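Visitor: Sequence:
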Amino acid sequence: MFRQFRSDVLKALEGFSFKAESFVKESEHADLACTVAFKLAREEKKRPQEVAEEIVSQLKIESDYIGSVEVVNGYINFFASYEFIEDTINYILDSDENYGSLNLGGDVLIEHTSANPDGPLHIGHIRNSIIGDTLARIFEKAGVDVTTHYYVNDMGRQVALTVLGIEMFGFEDEKPDHAVAKAYVAINRYMDEHPEKKEEIEAKVEELMSRYEEGDEEVSRLFRSVVEKALEGAGETLKNLNVTHDEYVWESRFVRNGYVDRIISMLEEKGLIQKDNAWTVDLSNFGYDKNVVIRRENGTTLYVTRDLAYHLWKNENFERFINILGSDHKLIGNQLSDILKIIGLKPPEIVFFEFVSLPEGSMSTRKGKFISADELIEKVYREAYEIIREREFSEEQKREVARAVAIAALRYDFIRVSPEKPITFDWKKALDFERQTASYIQYSHARACSILRKAVGNGMPYLEFAGELCTPQERKLVMLLSKFSTAVERVIRELRPNVFADYVMDVAIAFNDFYTSHPVLKAEKEIRMHRLAIVDACRIVLRNGLELLGIEPLERM
RNA sequence: GGGCCCGUGGCUUAGCAUGGAUAAAGCACCGGCCUUCUAAGCCGGGGAUCGCGGGUUCAAAUCCCGCCGGGUCCGCCA
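Quick note: the first sequence uses this note's numbering, first residue 629, plus one each step.
Hints listed in this document are in silico derivations from the structure and should not be mistaken for laboratory results.
The model shown is predicted, which means the values in this text are computed figures rather than measured ones.
Some hints could be false.
DSSO-like mimics (lysine-lysine), calculated; alpha carbons at most 27 Å apart, straight line [as the list claims (entries may be wrong)]:
#: 1; residue 1: K974; residue 2: K958
#: 2; residue 1: K674; residue 2: K688
#: 3; residue 1: K667; residue 2: K647
#: 4; residue 1: K974; residue 2: K903
#: 5; residue 1: K958; residue 2: K653
#: 6; residue 1: K1057; residue 2: K1007
With the hints as extra help, turn the sequences into a complete structure.
Guide: Below, the structure written as structure tokens:
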């Protein structure tokens, strides 16, 4: 709805010598403010206030949604009309679960998580998952046909090492991804402690990798078994976080289906490959110091080669493709994009996020130095359960609520931070529910549900919003509600889902403000109906917003 | 050494894209509010030269240059 208001304001400002779009912005002093007078004042050698007044006197307002316009200190302030806020509430109530949707169309492939199958997901990986999954939900809401992929690095050295690790140290009976990590850590430790064996193991690794790439049956079975175990565990973790993938795409697929050969011949045709011992692509014209190796001396391919093939496939199947990657992939990611551009393919849009590190330093699966997502989930869950232990819920309800609150806290904690900011993980903060902003939002939603439940119980659930009954707080709240799709749009444009987390939070704050100062059930006829409409609209916005964040909107807590 | 990212009250962050009206939240701290729709809440208070220095501009947390501090990458690993 706010998008409509904005476009009406822009339309009213058409026909002047400036591009209204670049001067109209949201403001705390108005619903929309235009700052163009400052710019023009200089050119015309007048005071901004004069210029602004002149513009306003020439304004052609045809929209019913623009209630008033005023000039303050050179700012042109636009205010929405009663009609606008009435339409907003009615539109929200009518659209219900569809409120906030856009109709962008098209399709997008979102590749996220894609952690190496050498152990369980740790708290760095799930930052990736949460950004990717939230983005996927928001694209879906925007009317884009979304497919999500987990790209599985099944041909990597780690898998070969793990195969050897299991051979030497066995496979423990526990959650399979954790068992995989034990074998992987064990063989790495063994190599550190027995440097004399290192060469022998490396030779075996190389042989395993070659045989897997050739499609050797026996080796394939070993690799598959390791990868499937790791993936089985990761999938379970992701499901607990409300994250799902449409497909797990194994990189070996692109070796087997000819895409790797195709991408190599495309590069050859452009004369980009230097065939020394290994094959490399020269990117010195693009500012890279070193060539990118795409084929080893022994004839096997590298991660980047298969990734190029994967992106050839993406080019053939999707309009847009977005990858969520840790910032340590920046160099290789940019190299990949530049190579694709050279051969006339579209590069992926990449969302880089900075590391999640521990107070004592960065994590490493290889060294077994990490906090697994499972452990985090379990501890946060237990903490959440403690808080509701005394409530009058059944045991099953308590578990459900604790789970929903725990996952909400986790997801919100990761998503609220801008991707480019590094995070230092802190147990104390992760488990401190006093500062868990997600449960605050869930709580606001539950409060709204509670009022509506009681209204129905009293037999007077009739809703009738009336713009002229609005207090300033109510007006402010409704204006915020109208901005749902503006927030969705912004996430799509900037690929930064944290701005949406902020939006939902703002709605919750405004709702709680309204809640404590505006009695609903106790109010008289019209006011009661009017406020019930606001409560229901807030309920819808909070519920839809939480769902986009992958958080369960509880009705009681 | 080079590239990229980060640096905002004591702590964690938002705002930076497209410069604009007293820099916004949470935690922590201080003081209030449960016979009234869920106190996982609300209200009030103290606390910030927006890392430092320059520049552009009527106007800079936001743009430009330099510096400092932290992170990260620079493998025939992924």
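Visitor: Each hint should be assessed against the structure and marked as holding or not.
Guide: Here is what the structure says about each hint:
no.: 1; hint: K974 <-> K958; result: holds (17 Å)
no.: 2; hint: K674 <-> K688; result: holds (23 Å)
no.: 3; hint: K667 <-> K647; result: holds (12 Å)
no.: 4; hint: K974 <-> K903; result: holds (25 Å)
no.: 5; hint: K958 <-> K653; result: violated (33 Å)
no.: 6; hint: K1057 <-> K1007; result: holds (12 Å)
Consistency note: the structure conflicts with earlier hint 5 alone.
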